[in-house]
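K.L.:
Each chain, letter by letter, is given below.
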Amino acid sequence: MDMIKLTIDNREVEVPKGTTILKAAQGMGIDIPTLCHFELNNLGVHNKPGGCRICVVEVAGRRNLAPACVTECMPDMVVRTNSMRVINARRTVLELILSDHPADCLQCAKNGNCELQDLAVRFGIRKNPFIGPEHEQSSYQLEVSPSIIRDMNKCVMCRRCETMCNDMQTVGALSAIERGFPAVVSTAFNQHLDHSPCTFCGQCVAVCPVGALTEVDHTGAVLRAIVDPKKTTVVQVAPAVRVAIGEEFGMEPGTIATGKLTAALKALGFDYVFDTDWSADLTIMEEGTELIGRLTKFLEGDKNVPLPILTSCCPAWVNFFEHQFPELRHLPSTAKSPQGMFGAIAKSYFAEKINCKREDMISVSVMPCLAKKYEVGRDELKVNGNPDVDYSISTRELARLIKMANIDFKSLPDAEFDSPLGESTGAAVIFGTTGGVIEAAVRTAYEIFTKKPLPKIDFEELRGLEGVRSATIDVDGLKLNIGIAHGLGNARKLLEDIKAGKSNFHAIEIMACPGGCIDGAGQPLHHGNADIIKARWEAIYRADREMPIRKSHENPSIQAIYKEYLGEPCGHKSHELLHTHYFDRQTTVEVDLNK
Amino acid sequence: MDNKKIIIKMKPEVREKVIEICDSFGNNPGELINVLHQTQDFLGYLPAEVQELIAERLHMPTAKVYGVVSFYAFFTMTPKGKYPVSVCLGTACYVRGAEKILESFEKELGIKPGETDENGVFSLASLRCVGACGLAPVALVDGKVFGRLAPAMVKDIVKEYREME
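Protein chains in written order, with the working numbering: chain F, 1 to 595; chain A, 1 to 165.
Extracted from the complex, chain A is given alone in its bound form (with noise of 0.2 Å):
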């Protein structure tokens, strides 16, 4: 049975910055959500073994930490792409054709939002409302905005950032 135990593997580094963030709530279980909102703002996402560290320093089950985790949409297990893309689903957006947008970048990359591509090249997501209503439809690649999306210009925003790999 002993053979089932297995080693978490985590960069020092990672390990020692949750642990920091960890100490900075004072290790209270009732700053879980700090806990996890501080880890990934650092890591871009929350993986596994990172659950179980934080679970360990706040003295709860890792199914809890877990549970919040699975809970919100927020938080992610899945690492984010070297180009993160969000096309905005707000009101503005979305009555403009934002829903087609979105297809449009998930037929080009081949994920659906929330996941990332195999290369890690890409990572899709939606959110609610950039501030740039009077572009809309608008998606984020990389922190830069698209406005006035067509569904015809995803190819080739996509093509581009291909290109600079």
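For reference, chain F alone in the conformation it holds in the complex (with noise of 0.2 Å):
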């Protein structure tokens, strides 16, 4: 590799040929500060447009200050990146920034969390020659969605949002639109986010340096459900959250904090406190099932089987096939999510058990996830308009839920889930990440299939942090190909090979979010720290191997539930409360130019 001598700060430093200044410096210890830089290396995620400026340095030769993020190391050069000239360029631009910007921040969603607030505090900004009544600000509509708050006011045109959104997930819902004050990123024809092909991943919430994204806050909702004497409150968790809400609580990253979590939600009042990694492992058994079912007929010769078989737990994954290939819809599982499926459950099995009408339950779940807030309100997941699942919140959310209750975390002592709702096994836990639903899939489907245990539980092939993924497992003879993609930009490069007829996949697991569920947009904000996500990934498989029962299908409270309620996997009563259907939502833009 060509290398590069130049001098930082003083400071000599080599570094590979095409390293940009900011990286070298970062390597030096050297911290400049940005603000639309976004880099999430180990997922291909990066948003450079070198638009903000705040991280202008000095070059020795060079007439005007060079942004550090976009521009490349040259041999020799000279660079001053804390210069009495660069200082006062950064507060200038800071202030520049500030002066269009809401200055509202104690009742900010992000107060505290922000990274423009962070700048304001590291130049120690106490006043701004730019804001007064000669000088103009921008004004958008508040626009609140099913899963997003969007407050572009506050929107510092980082564009981080717009990358996500294109680039990664090539979904296309977000543009920077206008020009001059009127400039903001926005949907097409500036229409409402719902119609829009968002499919409210919420990866553009997850990487909003300020508050202009953030997410439907259902906090205040939940917590009138536990006062109200009358509710019965049932709350689910799903996997990711339990290896990253300790992050909000000062925990290292990659804590597993299940027992806390647990406890932390007896102490809000919840009534029972139950596991969606249980209902992973009945989405196990029926997508299992779905499997073995469709490859059945398809190894008797049957060509018109659906195949390949894709998952469908993710909410913003059908949203996206939905809105993008809805020609494909006859391909996905039927099962809903796990979201979905404990909903269902909960009440109906569970309301009958303890004896609690529908309308007095209260289901709650805590979710790394944004896109479950839409999906709650799908009409399908709805009994006479009364929802399986009445408030989704982000772990995210339950965090604030936590603190402001005075309950202090870290100190908990571990409880257990309640029952009969919250046994689960390792193979549920692992669905927080990328390739885990399939890996849990195959573990099943492998012992049913050939009637014979499984020779290694561990199938380290489908895992990883690549966008997409193949394998081929041997299932006793039976070769079984194997796609996985998160990030759905990635999840686009495979089903157009299935448009195409060149894929020769036979089930394939897909994730909107980078990383998968660990990443998701109600995860703590990592502000483009990969390792945070890959500390999240060990914690997920070590929450696996610690698990006693690591087979779906052997948690002896799904085997319960079958015998008592369910009758068979894909049987009738299965098929009414824990499947669903698709829809084609292509052209839902609808055109409302009087907004």
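Because the hints were derived from the structure by calculation, they are not lab data. Treat the numbers as computed from the prediction; the structure is a model and nothing was measured. Treat each hint with caution, since some may be false.
Said to hold, decoys possible - Only some residues are given here: those of chain F computed to face chain A with a beta carbon under 7 Å:
1. ASN153
2. LEU174
3. SER175
4. ILE177
5. GLU178
6. ARG179
7. GLY180
Each residue gets a CB set at the ideal place from its N, CA and C atoms; glycine is no exception.
Join these two chains into a complex; the hints should help.
P.N.:
Here is the structure:
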């Protein structure tokens, strides 16, 4: 590799050719401030428009200041990152950005977690010459969708959201529009997100440095339900929440906090604290049976059987294929997501068991996800207008509830989930990351299909963080071709292959968020630190290894519900409660130019 | 949810022409601005459904097409009137009071620059220099040049065209 020698802040350094000044400085422990710049290297996410100009540095012999994030190091370059000229320029840039930003930090959802606020602190901005009656400010309408709140008055035009929506996810809901003060990131024709191809994956929210994009907050509604004596509250927690929530309380990334999480939910006053891992096991029974059913037909010579089967756990992914590939909507498993299955069982089987009327039960989910907020509002997941899950809150929202309730999370003694919807296996917890759902399905499908025990429970070949992966699993002689994609742009590649008849996969797992649910949009904000995602990823597999039972079909409580209530997987009762259907939503763009 | 689907209404000849324009640029997303130029030349404006169609043909998000249309002042989503009015705000016209002329048209027509009146008769725009600086201040109505304008003359010009209706 070609190496380049240069000087940064009077220190010599050698870096590979093509390294940016920002990266070179970071390697020397020089922390050049950034705002628009955003990278998650191991997940292929790069936003470097060089637009905000916070990272400018002085390069000897160059007339103007250079943005460090997009300027490559050159041989013998002499760079100053902290000269008076640089610091003054940065302050002015910051003051100009702040001059068109509401100063309502105390009421902002991102208060204390805002990268612009951090910069203002770092530069000690006390007054601003660009704020005053003679200075213009941009103003946009606040927009609330089922998952995402867009308060574009706070937008700093870093365009990270646009990068996620277009480059990473290839959803194409967002673009920079207009120019000058009216310039903003918005949808086609500035329409409501509901009328755009938005999947509510929320990756825009996950990367927004400021309070322009935030989640719809249901903490108030959940608290009211908990204290209402007429309501029975049932809560479920998704797998990825337990490996991330500790971060909100200063614990190391990758801490498995299942016991404390359960204890905190009990301390908050939920009547029943259950686990989405339980319904993840249930999902495997249904989806695995569906996979075996389709495969058996295929092996018997039925060429019309819909293959590859696609997973259907991820609601943003479901939205994506309904919008962008409706012609393939016969392929995904009809199994509801684990959240959906849990809600349906909670308000039928469990409600009957505790003799509680459907209307008197409030079912809450804690999810690493913002699309789940949208999913609970789907008409197919309601009975007579009453949703199976009333409120879906994010990991961040739960952390806020815990803090509000004076619960010292770190010192809580571990607690156990309640019975019967709290028992789960290692196969369920790996739903929290890319490759996990299909690994769990293979563990079960193998044993049911071959009627033999698995020779090895860990399928390392299905694990990893590369965007598109494939593996061939030997199911006692049958070669099962498996594809895995995370990030919707990667999913698109596999779907285009299917459309072109070039796909030889039998089953494909897709998760909308890069990394899967561990990097869901409802998780604690990582601010571009990819190590955090890696730590959560490792924790998921550690949690799997620590479980006494690691195959879904061996979960005794799952076996019991089939015996007692559901009958057979994919049977009549299962179809009624645990399966769903999909729609063609390709041209849902409604143009209302009066908005 | 199926009922959310809307059928985009567009005359078949418009659809064909837009597809032809896109094809002539190889449906290359890099040619978006050229495609928009030619489409606006043909239609006079770029309605939402046409942008949807262009996005589909060029395999790019509609939001990106709209982003470009809304960025450049030249592109418009408002159909021009039967008699488009353009007031020159170039230097020569400006120093001789073009701003007052524009204001008079705004008042007389009841519309702002970039708008078209309710009946689709007049639309108003400003432009930079028509090469008739000797006649400053100048305005164009339906392609005809009116020079040495004074605010008081605007009313009669508008009246003249109204009577042609």
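K.L.:
Determine for every hint whether it applies to the structure shown.
P.N.:
Each hint tested on the structure:
The interface hint given for ASN153(F) is broken, as the beta carbon of that residue sits about 18 Å from the closest beta carbon of chain A, more than 7 Å. Annotation: interface hint on LEU174(F) holds; nearest CB of chain A at approximately 6 Å, less than 7 Å. A cut of 7 Å between beta carbons decides the hint on SER175(F): the least distance to chain A is about 4 Å, and the hint holds. At a threshold of 7 Å, the smallest CB-CB gap from ILE177(F) to chain A is about 5 Å, leaving the interface hint in force.
A least Cβ separation of about 5 Å between GLU178(F) and chain A falls short of the 7 Å threshold, and the interface hint therefore holds. Hint status for ARG179(F) relative to chain A: holds, with the closest Cβ pair at about 5 Å, below 7 Å. For GLY180(F), the suggested interface contact is broken, since its CB lies about 10 Å from the closest CB of chain A, more than 7 Å.
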